[in-house]
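Residue numbers (my numbering), protein chains in the order written: chain A, 1 to 681; chain B, 682 to 1362.
Please keep in mind that the hints were generated in silico from the structure rather than gathered at the bench. In this text, all values refer to a predicted model and were calculated from it rather than measured experimentally. Think of the CB as a built atom: it goes at the ideal place given N, C-alpha and C, for glycine as much as any other residue. Any given hint might turn out to be false.
Subject to a maximum C-alpha distance of 27 Å in a straight line, what follows is the list of computed DSSO-like cross-link-like pairs (lysine-lysine) [claimed, not checked]: (1) A/Lys-337 to A/Lys-390; (2) A/Lys-659 to B/Lys-829; (3) B/Lys-1214 to B/Lys-1355; (4) A/Lys-271 to A/Lys-324; (5) B/Lys-764 to A/Lys-217; (6) B/Lys-1355 to B/Lys-1329; (7) B/Lys-1060 to B/Lys-1008; (8) B/Lys-1107 to B/Lys-1214; (9) B/Lys-1107 to A/Lys-184; (10) B/Lys-777 to B/Lys-764; (11) B/Lys-1005 to B/Lys-952; (12) A/Lys-213 to B/Lys-1107; (13) A/Lys-83 to B/Lys-898; (14) A/Lys-340 to A/Lys-271; (15) B/Lys-829 to B/Lys-712; (16) A/Lys-31 to A/Lys-107; (17) B/Lys-865 to B/Lys-894; (18) A/Lys-426 to A/Lys-31; (19) A/Lys-83 to B/Lys-894; (20) A/Lys-148 to B/Lys-1340; (21) A/Lys-674 to A/Lys-648.
Ranges between beta-carbon positions, derived for each pair [claimed, not checked]: (22) A/Gln-338 to B/Arg-743: 51 to 61 Å; (23) B/Asp-1215 to A/Leu-638: 35 to 45 Å; (24) A/Arg-66 to B/Val-1315: 54 to 64 Å; (25) A/Pro-670 to B/Val-1315: 33 to 43 Å; (26) B/Gly-719 to A/Glu-656: 37 to 47 Å; (27) B/Lys-952 to A/Glu-22: 53 to 63 Å; (28) A/Leu-638 to B/Ala-1281: 25 to 35 Å; (29) B/Pro-862 to A/Ser-483: 32 to 42 Å.
Just a sample of chain B residues kept apart from chain A, beta carbon distances all over 12 Å, derived [to be verified]: (30) Gly-1080; (31) Asp-1104; (32) Gly-1291.
Protein chains: 2
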Amino acid sequence: MNYLNRILLFAVIASPVYCQAELPLMPMPAKVSRTAGGSPLTIQPDFSASIEGAGASDARVRAGVRRALARLTAQTGVPVSTKLAPATTQPKLLVKVERLDHPAPQKLGDPEDYRLSITGTQARLDAATPLGAVRGLETLLQLVQPGKTGFELPAVEIEDSPRFPWRGLSFDVSRHFMPMPVMKRTLDGMAAVKLNVLHWHLSDDEGFRVESKRFPKLQQLASDGMYYTQAEVGEIIAYARERGIRVVPEFDIPGHTTAWFAAYPQFASGKGPYHIRHSQTETGDTMNPAQEATYVFLNGLIGEMAALFPDAYFHVGGDEVNPKDWKANASIQAFMKQHKLENEDALQAYFTRRIQTIVARHGKRMAGWDEILRPDIPKSIVIQSWRGQKSLADAAKQGYDGILSAGWYLDLMQTAAQHYAVDPFKGETAGLSTEERKHIFGGEATMWEEIASAENIDAKLWPRLAAIAERLWSPESVTDVPSMYRRLEMANRWLETLGLRQRSELVLMRQRLVGDAPTEPLETFVTALEPVKDYARHEENDHLFGPLLPLNRLVDSIAPESDAAREFNAAVDRYLTIGRTREAAAALESELGRWSASVAQVLPTLGSNGILAETVPAAHSLEQTCQSGLAALVSLRLGQPLGADWAKSKLAELDEAAKPKADLLVQIVPGVKKLVEAASR
Amino acid sequence: MNYLNRILLFAVIASPVYCQAELPLMPMPAKVSRTAGGSPLTIQPDFSASIEGAGASDARVRAGVRRALARLTAQTGVPVSTKLAPATTQPKLLVKVERLDHPAPQKLGDPEDYRLSITGTQARLDAATPLGAVRGLETLLQLVQPGKTGFELPAVEIEDSPRFPWRGLSFDVSRHFMPMPVMKRTLDGMAAVKLNVLHWHLSDDEGFRVESKRFPKLQQLASDGMYYTQAEVGEIIAYARERGIRVVPEFDIPGHTTAWFAAYPQFASGKGPYHIRHSQTETGDTMNPAQEATYVFLNGLIGEMAALFPDAYFHVGGDEVNPKDWKANASIQAFMKQHKLENEDALQAYFTRRIQTIVARHGKRMAGWDEILRPDIPKSIVIQSWRGQKSLADAAKQGYDGILSAGWYLDLMQTAAQHYAVDPFKGETAGLSTEERKHIFGGEATMWEEIASAENIDAKLWPRLAAIAERLWSPESVTDVPSMYRRLEMANRWLETLGLRQRSELVLMRQRLVGDAPTEPLETFVTALEPVKDYARHEENDHLFGPLLPLNRLVDSIAPESDAAREFNAAVDRYLTIGRTREAAAALESELGRWSASVAQVLPTLGSNGILAETVPAAHSLEQTCQSGLAALVSLRLGQPLGADWAKSKLAELDEAAKPKADLLVQIVPGVKKLVEAASR
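The following block holds chain A by itself, in its conformation from the complex (with noise of 0.2 Å):
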């Protein structure tokens, strides 16, 4: 095969881009209409905007256009100027908004709405408020390409709207600490993929992240230094607000709280000594419940912070609580007896009842884990879901309000598509009736650190969130995975863009890993490589994790799905049931044949690393997944079956091939599985 068509033929397996007329947006908006044959809005220098409307003096419309004009120099590296302009100018953007904001904080059920209208000639933004010119202000930076007449602005119609009124992410900073930069770029990518809720997951048993001036000891003694001031809190609401995103913060009591007891050990139910949990070994402490202490100074705690954050709801967490050091406590047994509270769940309700009146009288909407779903509990709080969709579906029934979280845990490497096919409305919350429906507010992915670091951060959220986002906000009907995953690859740009460094921190990753060898081998060997799913690195490494252990492995240095496995295994199954050309079999042949060679080149620096060294056996699994490939495919291009008992001793291989090494998993095993079974026969 010639290097044209070897590279031709490469591409047409592996690039994940080839539907010119798709546009990149994502979410996609409720309704697009391109004009046929209209001509695109070139940017140009002289490009320029201004607002009409009661929203011409409005701060964050104002900012949110001069901060897209900005955008659109980084864009195109075309310099335009960043003043507003006169609307009488003939603006290349007009955005004309309504209404002004109301007083902040930002409620939820804003309307967001929105319609964007783009000729030749302009480009016309309308929205009934501030927060729906926020968000028609991202898709419009979306639709920037470059076609013939340079960067433009393609002739389209949209009308758009959420479906959900609450999109979120759930954001573990305590595990490792997430300095403000960090912050300020995901809220950054959050408002450009329309999410409006940054839940910030502030304490747990590895740090408290705030400063508290009722009781400094909570950063002094329970944040290893790691904490964000009060003025940094009110920085990145101010930041999120902007950006149209409310901020929730989360203070998860009564488990969870181990660091909190380095500060203040007189709120725990065991007796210490108490320190930072650095290590999972470490068991998770639990605070007293059955002492009046407790809830004066959470009284304390929650009164500041309700006022530090201006936001309606307060997440108070109330997850895997672990009853041991209640069932030790004689006080707390006594106390359970005085109180007929049968046992340590009935306890765990008393703490969530009295903490929601705490919650309630700081004039805020409680909301927590689905654990705190108890009989006797308000109407008033917001269930947030992570064991499944059947607790959403039960609290809907019982009239509370609920947002889902199962199957958005972003830590756990899962997929996009699986990510994707999780829908509030679908599995236990189908039954739904309409009005049931409308407690679901809608959802939230997580993210949390105990195996990601600043470092890595943004390949861990993105570009998967953006599929979550799209799940949120985008009607029901939008499902097609391949277009997903090809605009995936277009938000994966222009995330980059915005500053996001979710390839090019991974990058840089890999480059340190291999010292002064070449990048390019190591460079094609991971694009067959996934980290290892679920809990699995969990369950093997637990008494590991903690900020002292480095995240500097391969697998911490790749993305959580790959893209280039994921198309070969969709490649082969085109070549096993579209067609058996010889092309497509030369084309996989060829990636395969690639994949071999990376190893062949990779191995030396593997072997005289002591940090790559374990991944050696990962590139064994990896090149005898190429070579039982590769003889499949000669076979099925000969028509020459190599019979059962051959495919029964390379499908024993495989499945060893497909065993995770060095928390790394081969992901082309099963496309060759698929092709070993085919070439048997």
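Position chain B against the provided structure of chain A, taking the given hints into account.
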């Protein structure tokens, strides 16, 4: 040829880094010896550092060591505490600094020497002064590499001191403004390669970039809103000082001052009206040296700026004065007659002497471009030689101090090897006596920003600036070009870890250019290309340059030097002179085949894209070049000469292919020409 061979052979010819024993140091220290058989020092989470001696209380040393610890984490992924440990704890890094700093600012010639000794148990850095410690920490960080035990520091003994005391970068922020983050990361990179002078070219026809409190119209009317506040200037000076870098400001007078006249036309030689120069067709304007008011104004401004910038040197430019307005202005002509100044050259000499007096009055030594070297000017000035080494030699012979810039113009897109070959003591300076040589303080690379923006500036500076830095720091005998290129590749890597974006930003720019098309074909295509050299782009397009010209073309998105093309040409040389093996021929064929395939695949993208369309002819030239090379290689492999006529026609074709197209050069033409010539006979 199978895939494995293809890729392995590709690596042999194309990968720059194969000398494992070579330490990734740039600039090379004066003395380096590896300890044979010595154990490396492994970087673990318990890595700690402490400071001994007087330096233990020095803010610059303390900040430097803490920064080094943070960078160690970034370079390894190993979480290392940035707290300093007591020296009694057997720290992994012990820094001993004998003396305290003298009061700021840093002076020319402040000692920079240090010793670094690394064993399996400790890295020990000894320096007489904080400045030496700052230099030694950079060497330490460059040594970190993955090895058998994880990330390691090799067992090594280093003694180091610089060859020249003035090692700078002359940095134009007038033609394109460079925001604070660019300034800071540029200083980070400069410190990493041990440069010690930021020569900040703060004003030119296109903008005056510093806030003046005495003459605020300068920033209000002469900067397009893009300037550094005095607080920001102070921030840069402090940031530079922490890194051992002096900041020498330049206010270029009496030419290159058009922008000034947008604020203060009364100091111009012509009639105006004046505005900031936005295109290079507009001629530059000149100050009026024939009126006392000009000197009163300059005395005020220089006084203010001399106080703002603490360095002992003050640069007043003085280059490229266009005398047209002086000739046309009757009062200036009258002034010349009155002062017996026989021509405009003499008038400039008069102006320079007046300015020197003003600069001296404010306590500074005046620096300027080589035009300021005039009879009667005091010996205290410093000459920056930009028009060639002759002026430097002339100055030194007359007893003037000087620094070299000729040959180090980074904006001219020359190769690292070209810049590396330039030496302050070679060429016209070679004949200087030992005494005369002492007048040569060192040199400065220059970067003019007519066709560079904040977006691609890192790629214009790096990694080539590191090669110039080595010339100025390392012993004169360090001249091995292949070694320089190998270490430059490593520098490229650690510079990006440090936050520079010389590669990653160009990847994003090219990704932006292809829109939703696959990125890989363009990525391969551009490895055969370089931008046109010297002033070719100016000559063609000077009239277009200005702040409103988009710098988003392919030529703006590629590196000044193509590693792949250089290595291809070198591989051709080796093939033709050392050994015409089948493997070497196959490797060259493979490379040409890859480029040829990339052209076939990239052409549809180029053709449908208004910005890339101009590059179609360059793509065709590359394709033609590849085909000629492939034909020649087949002929050589088969031993069947293709004859003189064939060669003649191919060489003519190649001459056409070598011509710039869309400001791009196909840089593999030289190697292919040699193949064609060899194949003809």
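How the hints compare with the structure:
1. A/Lys-337 to A/Lys-390: Between A/Lys-337 and A/Lys-390 the Cα gap is close to 32 Å, so the pair fails against 27 Å, i.e. violated.
2. A/Lys-659 to B/Lys-829: Distance of about 26 Å is within 27 Å: holds.
3. B/Lys-1214 to B/Lys-1355: Distance of about 22 Å is within 27 Å: holds.
4. A/Lys-271 to A/Lys-324: 12 Å, holds
5. B/Lys-764 to A/Lys-217: 20 Å, holds
6. B/Lys-1355 to B/Lys-1329: 12 Å, holds
7. B/Lys-1060 to B/Lys-1008: 30 Å, violated
8. B/Lys-1107 to B/Lys-1214: 23 Å, holds
9. B/Lys-1107 to A/Lys-184: 51 Å, violated
10. B/Lys-777 to B/Lys-764: 17 Å, holds
11. B/Lys-1005 to B/Lys-952: Answer holds: B/Lys-1005 to B/Lys-952 is near 12 Å, not above 27 Å.
12. A/Lys-213 to B/Lys-1107: Violated, at about 66 Å.
13. A/Lys-83 to B/Lys-898: Holds. A/Lys-83 to B/Lys-898 sits at ~20 Å (cutoff 27 Å).
14. A/Lys-340 to A/Lys-271: The hint holds at about 25 Å.
15. B/Lys-829 to B/Lys-712: Holds, at about 26 Å.
16. A/Lys-31 to A/Lys-107: With a Cα-Cα distance of about 25 Å, the restraint between A/Lys-31 and A/Lys-107 holds, given a limit of 27 Å.
17. B/Lys-865 to B/Lys-894: Distance ~24 Å between B/Lys-865 and B/Lys-894 Cα, so the pair holds.
18. A/Lys-426 to A/Lys-31: Answer holds: A/Lys-426 to A/Lys-31 is near 23 Å, not above 27 Å.
19. A/Lys-83 to B/Lys-894: 25 Å, holds
20. A/Lys-148 to B/Lys-1340: 26 Å, holds
21. A/Lys-674 to A/Lys-648: 12 Å, holds
22. A/Gln-338 to B/Arg-743: 51 to 61 Å: Given range 51 to 61 Å: holds, Cβ gap about 57 Å.
23. B/Asp-1215 to A/Leu-638: 35 to 45 Å: 58 Å, violated
24. A/Arg-66 to B/Val-1315: 54 to 64 Å: Holds: the Cβ-Cβ distance is about 60 Å, inside 54 to 64 Å.
25. A/Pro-670 to B/Val-1315: 33 to 43 Å: 42 Å, holds
26. B/Gly-719 to A/Glu-656: 37 to 47 Å: 41 Å, holds
27. B/Lys-952 to A/Glu-22: 53 to 63 Å: For B/Lys-952 and A/Glu-22 the Cβ distance comes to about 58 Å; the hint holds.
28. A/Leu-638 to B/Ala-1281: 25 to 35 Å: Holds, at about 29 Å.
29. B/Pro-862 to A/Ser-483: 32 to 42 Å: For B/Pro-862 and A/Ser-483 the Cβ distance comes to about 37 Å; the hint holds.
30. Gly-1080: 47 Å, holds
31. Asp-1104: 27 Å, holds
32. Gly-1291: Nearest chain A Cβ is 4 Å from B/Gly-1291, so the label is violated.
In summary, the structure is inconsistent with hints 1, 7, 9, 12, 23, 32 from the numbered list given earlier, while agreeing with the others.
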